[in-house]
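Colleague: With chain A held as given, fit chain B onto it using these hints.
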Amino acid sequence: MLNNNPALKHIVGRVGWYLVTFLVAVTINFFLPRLGDANPVDTIMAKVSTGLDTKSARVKEEAYLKEFGLVEVDAQGKVKRDAQGKPVPTPLSSQFVNYMGMSLQGDLGSSILQHPKRVSEIIKTAIPWTIALQLPTIIFGWIIGNVLGALAAYKRGAFDKILYPMALLTSAIPAFCFGILLVYFFGIRLEWFPAVGGYDEGLTPELSGEFLSSAAYYYVLPFLSVFLLVVGGQAIGMRSMCIYELGTDYVKYAKLLGVKESKILFYMFRNAMLPQLTGLALALGTMVGGALIAEIIFSYPGLGMTILTAIQGNDYPVITGCTLLITVTVLIANFSADVMIGLLDPRIKAVQSGGK
Amino acid sequence: MMRIREYSTKLSALLLALATLSAGGSGCKRSAKEDTAGLPRAETLYVAGRQWGEPASFNPLSSNPDWPVNGLNLMYETLLLYNPQTGKMEPLLAESFKQSDESIEVTLNAAARWSDGRPVTGWDVKCSYDLGYKHKSLPMSPVWQYLSEVRLLDNAGNAVADTPNDSPDYPRRIEFVLDKARLNPLVILDALQDTRIVPRHVIEPLLAKANGSVEEFSKLKFDKAPVVTGPYQLKLFSSEKIVMERRPDYWGNQALYAGKLPAPKYVVHPIYKSNDHFSVALQQGRLDMSSTFVPRIWLKHKKGVRSWFDEAPYFQAASVPILSINVKHRPLNDVAIRRAMAFAINYTDIRELAVSGYSEPLKAGLILPFGLESKYYSEEDVKKYGASYDPARAKAVLKEAGYVSTFNEKGELLETRDKTGQRVPTVFIKSPTGWSDWESIVRIAVRGMREVGIDARERFVDASLFWNAMFQGDFDLIMNTPASSPSPSKPWSRFEAIMTTQDFAAEGDKMYKNMGRFNDPKAPGYIPRIDELLATIPTMKDEAQLMQAYRELNVIFMEQQPTLPLVYRPDQFYEFSTRHWSNFATGKNPYLPPQIPGERLGTRMLWSIKAVAQQ
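Note that the protein sequences, when read in sequence, are chains A and B. Note that this note's numbering gives residue 121 to position 121 of the first sequence, counting from 1, and the numbers run on in steps of one. Here this note's numbering = 1-based position in the second sequence + 356.
Okay, chain A solo, but in the shape it has when bound (with noise of 0.2 Å):
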C-alpha cells in the first residue's frame, strides 16, 4: 500500500528517522551533563554547610546524595558503604534505567537545587512567558523581514539602498548590545518604558486589564530587543533568495510573455520562500530553550535562565526535562517542515511520485 502513494511512504520512512534521532539526543542529554566531575549536591552543599562542622556536613552531604538517588541503598534503606566507609555512588547505567522508565510514563522527577519543585512544575511557570516572547517575535519578525527583504530586491533604487544597510546593522549587533542599548537609552535615560521584570511588582498575573496592560507595557523593550535583530537577518536572507529567483529563465521567460509583474513577483516569492520556511521551522523548534539574552538583560520571566541557572549547578533533572521539550519541539518543527515542503515544492512532488 505505502508503494502505491510515495508521499505516505516518505512521511513513515521520516517518522522512523526521526524516531531513532530522538533516541540519539534523549541519551545524550541524559549522560552529557553527568560526564563532568561535578555533582550538584557539592553546589548545595556550599551554600549549606557554612558554619557546619565537618562531620555534620558529611552526614548532610549524604542525606542529600541519598535523596536524589546519586548512592547506592540497601534493602533497609542505608547508604551502602565501601571497605573505607564511603557511599558507593549509583552507577550512571541504572541511573539511566531509572531516567527512562520515568520518563516513558512522563515523570521528569523533581528538581535538585529547587527541590522538592517538580520538574514539570517549573517548566510549566516558565513556558507561557517563553512562548509570549519568542513566538510573536520569531513569526512578525520572519513575515515582516520576508516581505521588506523581497521588496528590496524587487524594487531596487533608494529602498535597497537604505532597507539593506540597515538590515545588516540590526543582524550583526549581538543580541545582548542591542539589549543593553536599549535599557540604556528608553530604560533608565528616558524612563519611557519599564527596565526590568515582566510586569509592575505591585500586581499578580491574572486576567485582569490592569495586568495585561502592565505586561503589554513592560514587553515592549523585551520584544524589540529581539524582534529587530529576527527582521534583519530575515530581510538580508531573502533578498538575496529574490535577486536570485529575478535571473532565473522562468522569470525572464515569464516576462517575455507578458505575465502580470504581481504574478511574477508572486512565483518568485513563493520559490525564494522554500529555504526561509525552514529557518523559520527552526527557529520555531529551538523558540523553547527561551531568549536567554533577553531574559537575562530585562530580568523577564521565561526558561532560559531556568536553563542555564541548572546548567551552571548541574541540575540534572531539570536540564534533562529541559532538553526533553527542546528536543521534542525542534523535532516536531521540522518534521512539520518537512512535509509542508513536500506539499508545496513541485520539485519534491516530482521526484516523490518518480518523476511523472
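It is possible that some hints are incorrect.
Computed footprint of chain B on chain A, listed as stretches where at least three residues anywhere in the stretch have a Cβ under 8 Å from a Cβ of chain B [as the list claims (entries may be wrong)]:
1) 38-47
2) 63-73
3) 92-102
4) 184-192
5) 306-318
Don't read these hints as lab results, they were simulated from the structure. All C-beta atoms, glycine included, are put in the ideal place defined by N, C-alpha and C.
Modeller: For chain B alone, kept in the frame of chain A given last:
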C-alpha cells in the same frame, strides 16, 4: 502579492490572539486572590538581595529554604537576637536569658503565640533543638556537638516532662546544658539567635506521617498559610517575587512594640536575574532596600540611593575574604613562601578596585581593627608580626629562605628554584569563573606574587567544580570567606574556621573548615597550642585573659600565615532608597544594625520606618 497580504493579515490576527492567550494563560494558573487591584505602593516595602532563583520551599526544617525563612524573623522567629553594634543579645521569643558555667537558661515571653493562637511553649523549643539531635542532616544539628541536653523547667525550677499538653501552665524556662567535655557557650549563643523555633504540634504529626523520614518531610513546601510566630505571613509567590502580608494579630505588636503595627502592610522581595537590576530598581524607586553589591554608590546619591554611611567607606565591614592555602602542597608547606605571599599582595588595589573602596584598610591578622572586635586587636603585635604590602620585604623573605627567581629582560618571572636547586612548581589560585569581584582580587594577587618571584597563576573554574575542590582540598590557593555572618562568637569562629584540627581529613576527603589542612595533628610541626586556645577562649570571662589569648592566637596566625586575608567587606550590603520610605537605620542613626528587614535584627526596622507622603 494580494494573496500574500491577505494571508499575512489573517496569520497576524491569529497570532495576536495566540499571544494574548498565552500571556493570559500564565495568569490563570496562579490563583487569582481577592484583591486584584495590586499592592498599594505607600503600604508596600520592596526589599531584595536574599532570593536569587525561583522559590521552591518554605520548609522551616530545610537547610536551604527560600526567603524569608532563610533570613529569619519575618515568619519563623528565634529565641534571641544578636546586635552586632552593641554585642548584646536582645529578646524575641525569649524575654530573658541567664548564663552560668554549665548552662544557658532562657525564659519564654508569656505572650508569644503561634498564628493559630496556641502559646509558644518550652515543648516547642525543646522539639526545635532535639530534632537536630535525632536527625544529623537538619540545620540545628551542629550545636549538639557542644550541647548535652535541653531541659524544661517550671516556674519553681523543677524539671518538666517532655510530654506536651494543653495546660495553661506550660513550661517557659528552658535550660541548655553544655557538654562538659567541650565547654563552649559561644556556639550555644550563636544557635540561640540562629535557630528557627518551629511549631511542635504541626511538625511532629507531619514527621510521623512521613514515617520519621526527614527526606520525605523535606518534600513538604510549607507554602500555604503555615503556622508561624512572626509578624508576616506568606501571601503569594511566583518566579518573579515573594509577597509577605502583615499579620495584625502578631503577638509581638502588643508584647514588644506597645500595640504598634509594622508600617508596611506588605513586604515584597522581587526576584531579578542580574545584579545590575537591583541597582537600577533602587535608582528608579521600585526597590526600597537591597543587600546586593551596588558599585560606586556615591554616583547614585542624587537618585535617592543611600547606604549605611554617606561617605567612604559607605558600609560597615564584618567579614574577611581570604585565600586559603593548601599547606600540604609544595612549596606552600614552607612558611617562608606563605609569608612572602602576604607581603607581595597589594591590598590597597584590592580594596579600591575589587570592592569599590567599601571598607577600611586591611590590617594583618584575623581580628577586625574596628567595631566590637577591636577590643582584642593589638596594633603593636600587628606591626611586629604582621605582613603588609611590601614587595622588597617579600623578596628578602624569599632570599633568606634560599629561593632564587629568574626574570627575563621585561621583568617577567621565568622560574623559581629552591635552595636545593629544584624548580618550584607553579601554584594556582582557584576562583569560580564569572564571580567578577573575586576574579579581580585573584588577578591582583597573582600580579603581586609574580613581581616578587613567586610562580603563581589564576585558575578560574566552573562554580560547581569549585566547591568540591575547596572541600576536598584539591587546590593550591582558593578564594573563600570563612564564618562571615555577624554572631556572638566573633572573632573566635573566624579563627576556628581557618585553624581547627577537628575531624582532620586527608586531601581527597572532605573538610568543611580548615580546608587548607593546616596544623595536621599527625604531622611533624603540629602546634598543640592552637587547639588549646581554640578550646579555652569560648569559656573565658575575664577580658584581660581574653585579650591575652586572642593576642597569642593572632600572633601564631601572623607567624604561620595559614591563609591570606585580603580585604574587609560587609557580610550583607545595605542600601536603601529614600523615595517611598524614611527613617531607615544608618551610621548616623544606628538604632539598629545594617540588616535589611527579614534579616535577623533588621526585621525590627519595620516598626520604625515611615511612609514618605506622596504629592
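Colleague: Determine for every hint whether it applies to the structure shown.
Modeller: Structure-based check of each hint:
1. Given as covered by chain B, the segment 38-47 of chain A passes the check, having 9 residues with a CB less than 8 Å from a CB of that chain where 3 are the minimum.
2. Remark: the segment 63-73 of chain A is confirmed as covered by chain B, as 4 of its residues place a Cβ nearer than 8 Å to a Cβ of that chain, reaching the required three.
3. Proximity of the segment 92-102 of chain A to chain B, defined as three or more residues with a beta carbon under 8 Å from a beta carbon of that chain, is not established by the 0 residues found.
4. A count of 3 residues in the segment 184-192 of chain A with a Cβ less than 8 Å from any Cβ of chain B is obtained; the coverage claim is therefore met, three being the minimum.
5. Evaluation of the coverage hint for the segment 306-318 of chain A: fulfilled, as 5 residues show C-beta separations to chain B shorter than 8 Å, against a requirement of three.
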